[in-house]
Amino acid sequence: MIQTLRRNVSAYNALVTLVPKLYLVYQSVFWIQFLLQFVSMIVLVYFWRAVYLGQATLGGLNLRQTLNYMLLVQWILPLLDNGLILHFGDWLREGKLAIELLRPLDFQSQNFVREQTDMFFFLLQKLPLLIVAWLVFGLQLPADPMRWVAFVVSMLLGKAILFFFQWIFACLAFYTTDVSGFYHALNAAAVFLSGALVPMAMMPGWLQRVAYSFPFAQAVSVPVSLLSGIIPLTDLPRIWLIQVVWLIGLAGVSRLVFRIAIRKVTFQGG
Amino acid sequence: MPIIQVENISKVFRISQKDPGLGGAIKALFRPRYQDKVAVDGINFTVEPGEVVGYIGVNGAGKSTTIKMLTGILVPSGGQIRVLGRDPHRQRVANARDIGVVFGQRSQLWWDLALIESLNLIAKIYDVEPARYKQLLDQFTETLELKELLSVPIRNMSLGQKMRAELVATLIHEPKIVYLDEPTIGLDLIVKERIREFIKQQNRESGTTVILTTHDLGDIEELCPRVMIIDAGKLIYDGPLGTIKDRFGKFREITFDTAGSLDPFEPPTGTQVVTQEPRKLVLRFDRTVTTASQLASTVMSRVEVADFSLAEPDLSSIVKQIYGGALQKEVSQ
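Chains as they are written, first to last, in our numbering: chain V, 2 to 271; chain Z, 49 to 381.
It is worth saying that the hints were derived from the structure and are not from the lab. Remember, it's a predicted structure, so these values are computed and weren't measured experimentally. All residues carry an ideal CB built from backbone N, CA and C; glycine is no exception. Among these hints, one or two may not hold up.
[Claimed, not checked] Have a look at the derived ranges for each label pair, beta carbon to beta carbon:
1) D91/V x E190/Z: 31 to 39 Å
2) I63/Z x Q141/V: 56 to 64 Å
3) K248/Z x W32/V: 44 to 52 Å
[Unchecked claim] Partner residues are not named here, just some residues of chain Z that face chain V (Cβ under 8 Å, in silico):
4) R154
5) Y174
6) D175
With the hints as constraints, model all of the structure from the sequences given.
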């Protein structure tokens, strides 16, 4: 038991170190992404300033609160990345799934570790943007360490929730082979229903209810609202309970779906 | 006790049927049609530890599907497989630890990483003890002449270099069973030879069991005392390579270099003229009807022979006969 645990920790640790190595192979991509994100941040700030012209508040939020929220959303936007679905499609079409399944690790766990590491790498990569936002655009970050703890835990739970949700759709690749349609549909839904496009508070009540019936908000709106102070810390136990329920439910369903779907797999190309 | 036991396994794939053209594609969108394709049909065999088994058949015969079921990544539609006492699909992770697989057309190495980075990662995933890893790495890279390539990314390697790197990656955790699915496809003769030697060495020194699928009969002749032949999903032969050579290698070729030219030659019964030139005569004969010495004395009585040579049955022609239904014909007779 202890030997298995030690062996798994060592193997997953090796997978964690793989992620930055692969990303840093093409260094120009790193710098181009940084530049694009910087430009989109400038556009975002001027867009919201234009929206607020002549208005003190929107959906109960003033310009400073909205900018704070939107700048933080820019930082954690990689949490919405649906790359897993595209990976499944590519692996199936190119027959690489055979190689992935032959590694002596639980298939879902190795993907989970890789996706979480991806997220950390992206957040780290975008950290300079956060500093720019703080220095240039007046981003206000909380001094209360409890807010940071609430944010980090909620973000980790949110990313895990989205992973299991995306996993269910990724498994559809075993039936359809091409999953690009699901990928684009989920991306559109994720950006809108997570609160990444506009803060949830600006949505009408019925739309907020619809948005919260999907898991996307758990990864973006919830952690960012905690960090930016839109959600009071007194709500924390309720927020975490909701996230844990999402997590357990989707984790269970995703494993079940995989167990059924894997029986349908056909490896392309012999 | 067998290391691999396969009992009556089958695999049926459901394949979407579409009429050609845009109309067909649109029709299939609203009224999809499917057809069942039996890729593997009730196969039985066992493999003992340390065996090297050649698994051959034409394209689409079911070789790779069988291998994928043995590795646990494909679920059989029926029957039972035990590999090292385990169900390879249900216990996929445990099974993966004890096996190594090379798919000739796919890589398990990371395209953008240097070979040594990929190997280090694989050693960690398989929990290879560091001192043992270093020892094996030195030994393998020496034998396969890969030392100079350790710092080269996989994407910059030639096909032959990649395949040698794949073999190192597959064997670095000392698997008990290795499945090699067309490992020499597209490689030149020198690389093929090196790879065959390496496989032989691993089998001899570590007792690794090897299941090899290939279209290259040189691989089979060099490596596999036992051959299994699959055709349309059914196992049509399982036995020693020598037996099949004896059963179907009844045609031999004898070549005469003659001192003078030979008049039009009427071959004896059971013999065909393959080539007749002014100073050369090649005959193909059925050794169950006539013998090489009878044929030689017949030719020598007609013309002065400077030299002659006898060619052993060629495996490729034997396999062609078998693929052409020779085994089935033999059974029906």
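Ascending list of hint numbers which this structure does not respect: none
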